[in-house]
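Number of protein chains: 2
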Amino acid sequence: MSLPKIAVDCMGGDYAPEEIVKGCIWASKEFAQTIFLVGDEQRIKEILKREGVKDERLVVVHAKDTIGMHEPPSNVLKKKESSLYIAGKLVKDGVADGLVSAGNTGAVLTVGKFVIGAIEEVERPAIGVALPNPKGKTVLIDVGANVDCKPKHLVQFAIIGHTYAEEILGIQNPRVGILSIGEEEGKGNELVKETYPLLKQLGLNFLGNAEGRDIYAGTFDVIVCDGFVGNIILKASESLGMAVVQMIKEEIKKSLLAKIGAFLLMPALNNFKKKADFTEYGGIPLLGAKKPVIITHGRANAKAIKNAIKVATEFYTHHFNEKLASNMKKFMPEGAKASWA
Amino acid sequence: MSLPKIAVDCMGGDYAPEEIVKGCIWASKEFAQTIFLVGDEQRIKEILKREGVKDERLVVVHAKDTIGMHEPPSNVLKKKESSLYIAGKLVKDGVADGLVSAGNTGAVLTVGKFVIGAIEEVERPAIGVALPNPKGKTVLIDVGANVDCKPKHLVQFAIIGHTYAEEILGIQNPRVGILSIGEEEGKGNELVKETYPLLKQLGLNFLGNAEGRDIYAGTFDVIVCDGFVGNIILKASESLGMAVVQMIKEEIKKSLLAKIGAFLLMPALNNFKKKADFTEYGGIPLLGAKKPVIITHGRANAKAIKNAIKVATEFYTHHFNEKLASNMKKFMPEGAKASWA
Numbered sequence: 001m002s003l004p005k006i007a008v009d010c011m012g013g014d015y016a017p018e019e020i021v022k023g024c025i026w027a028s029k030e031f032a033q034t035i036f037l038v039g040d041e042q043r044i045k046e047i048l049k050r051e052g053v054k055d056e057r058l059v060v061v062h063a064k065d066t067i068g069m070h071e072p073p074s075n076v077l078k079k080k081e082s083s084l085y086i087a088g089k090l091v092k093d094g095v096a097d098g099l100v101s102a103g104n105t106g107a108v109l110t111v112g113k114f115v116i117g118a119i120e121e122v123e124r125p126a127i128g129v130a131l132p133n134p135k136g137k138t139v140l141i142d143v144g145a146n147v148d149c150k151p152k153h154l155v156q157f158a159i160i161g162h163t164y165a166e167e168i169l170g171i172q173n174p175r176v177g178i179l180s181i182g183e184e185e186g187k188g189n190e191l192v193k194e195t196y197p198l199l200k201q202l203g204l205n206f207l208g209n210a211e212g213r214d215i216y217a218g219t220f221d222v223i224v225c226d227g228f229v230g231n232i233i234l235k236a237s238e239s240l241g242m243a244v245v246q247m248i249k250e251e252i253k254k255s256l257l258a259k260i261g262a263f264l265l266m267p268a269l270n271n272f273k274k275k276a277d278f279t280e281y282g283g284i285p286l287l288g289a290k291k292p293v294i295i296t297h298g299r300a301n302a303k304a305i306k307n308a309i310k311v312a313t314e315f316y317t318h319h320f321n322e323k324l325a326s327n328m329k330k331f332m333p334e335g336a337k338a339s340w341a
Numbered sequence: 001m002s003l004p005k006i007a008v009d010c011m012g013g014d015y016a017p018e019e020i021v022k023g024c025i026w027a028s029k030e031f032a033q034t035i036f037l038v039g040d041e042q043r044i045k046e047i048l049k050r051e052g053v054k055d056e057r058l059v060v061v062h063a064k065d066t067i068g069m070h071e072p073p074s075n076v077l078k079k080k081e082s083s084l085y086i087a088g089k090l091v092k093d094g095v096a097d098g099l100v101s102a103g104n105t106g107a108v109l110t111v112g113k114f115v116i117g118a119i120e121e122v123e124r125p126a127i128g129v130a131l132p133n134p135k136g137k138t139v140l141i142d143v144g145a146n147v148d149c150k151p152k153h154l155v156q157f158a159i160i161g162h163t164y165a166e167e168i169l170g171i172q173n174p175r176v177g178i179l180s181i182g183e184e185e186g187k188g189n190e191l192v193k194e195t196y197p198l199l200k201q202l203g204l205n206f207l208g209n210a211e212g213r214d215i216y217a218g219t220f221d222v223i224v225c226d227g228f229v230g231n232i233i234l235k236a237s238e239s240l241g242m243a244v245v246q247m248i249k250e251e252i253k254k255s256l257l258a259k260i261g262a263f264l265l266m267p268a269l270n271n272f273k274k275k276a277d278f279t280e281y282g283g284i285p286l287l288g289a290k291k292p293v294i295i296t297h298g299r300a301n302a303k304a305i306k307n308a309i310k311v312a313t314e315f316y317t318h319h320f321n322e323k324l325a326s327n328m329k330k331f332m333p334e335g336a337k338a339s340w341a
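Line by line, the protein sequences are chains A and B. Residues 1 to 341, numbered by the UniProt record's numbering, are exactly what the first sequence covers, in order. Residues 1 to 341, numbered by the UniProt record's numbering, are exactly what the second sequence covers, in order.
Extracted from the complex, chain A is given alone in its bound form:
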């Protein structure tokens, strides 16, 4: 199995370039044939030197410009000397097989959609995230790439999510649902009501409406929603997790016995934390672009970057993008793209 060449935007993210470069060093030992470290050549080489690394699999590509975390995403298309644009161009030109960035999420999406480009049948690439539950994982898609969606977009997300669950998570015949309120067909908002009958036609294992409670219950393998709802759920979940930990800590502080208890519990809690920790996942994929595009948290450290590169490698070695192109043809009814609203 040949390993891919991955282009990494070394200037994006809160801890760039230091942690990004360290993540690349770490990943190069396991997950990639070549890593292109794109960014300020001098700074990157200084870090490599300080870390004592001389590895021909790590190739520095100079970029003199950067994209700020709060710049309008479309700026990246004008800033052709930016590390993100150049990294995207390496993928577009076939020099690299996938992109990893911890930078401005909107700008990474823009590069994925307009520099690397979407698979022909996919109108709107979407972000899918595999959320943990006691039985396994559930893919929530879209979690932020597409704010206002039409029924046909949710239909495409369903096929994309199906492919993700099957090819990457190894779930056979994944159970697909549409996020709504109320279980029965006919319950939900206008978008859900219009999308439901289309989803029934696809030949996916479509179980109908999924409710909020299904997201972490393991009752569905794929849940589709528009990027507005999905993004809010994702961020609310993160925030709830942090709030719970903080509130429990406050309670523990009040009692010595509880402090001892917490100490004894630590290894079990750390095992749990591993399941929930974003640095373990590393990155979430923009699904539907022609090549793997992995977006990591702005707060990504070296470990998160290493794991993001691992994710890109998984998508490459599983031929995800080729399988998605084939599934889009297989499941989309003839003429559907043109006729569906």
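Each hint should be verified, as a subset may be incorrect.
To be verified - The calculated BS3-like cross-link candidates involving lysine-lysine, where the alpha carbons are at most 27 Å apart (straight line), are:
id, chain 1, residue 1, chain 2, residue 2
1, B, K80, A, K235
2, B, K137, A, K137
3, A, K259, B, K80
4, A, K253, B, K254
5, B, K135, A, K253
6, A, K187, B, K249
7, A, K254, B, K137
8, B, K193, A, K249
The set of hints was computed from the structure by calculation and includes no laboratory data.
Let chain A serve as the given structure and place chain B on it in line with the hints.
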């Protein structure tokens, strides 16, 4: 301070009438002048007798019909002999000052809107829930009463949420936000972009867009959203909480030390659980009806019912509904209802 008379639907909920009646008995000792126990007279009286209760503050009102948990909500308007309808009618007619039900949520909403009726300036009563965070509470409104909303509805939710935070939670000059993705004005879906400029005009302490991460962070006191998004967040949060507890338990099972640790931690965890437990809150209010309407979880036990009656009493003694009517006049710009889309 005079206590209210509360009408309780004794036939709604998974544990009706047993737990509902017990909750009424419990509450009658503290929170109400009179409780009307509406439902199957014979069954209710049997429970009262078995519990050895003779209290003239507990008045049984017979209803020969019930509303099933999965019936179409509008059925309640036809079933005028149902416990829920009769309880609502007692409030409508001024015999009781507030309604509590653990029954079919949609049917309770229907009774609130169409039997008890909305405050004149409120077009759409909404469900507000006070979610815990490390610093206090944040009101999320609407969490399920209104699926598809227009900008003017979100504006009304903002005034309702403001009044809830100020009068019930005791928060002065509450910080109000609109749920969106991205912090800056102009970010979000079409509904948010249209609502934002209207919210700026109201004279509320409007801070702009709130993101998913703000829901449990204590950065806002009131966050408005449509009932589709709000309901999904509420249920996803519940489900995430349960999943986390289950996953941590699985880890604890694997180690003896962790088991001992968990045992020592128990009191602290129980304190935390109290903060998060729906039976402690008891019920969530339908805000904007003319009188307090409190909906409890279908799984409500006696304690939840007792606390729901307590919530109804709080709304009554704080004159919430009168203050809301006055705030609607104070904050809604002249002619806004007619002219806003």
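For which of the previously enumerated hints does the structure constitute a violation, in increasing order of number? 1, 2, 3, 6, 8
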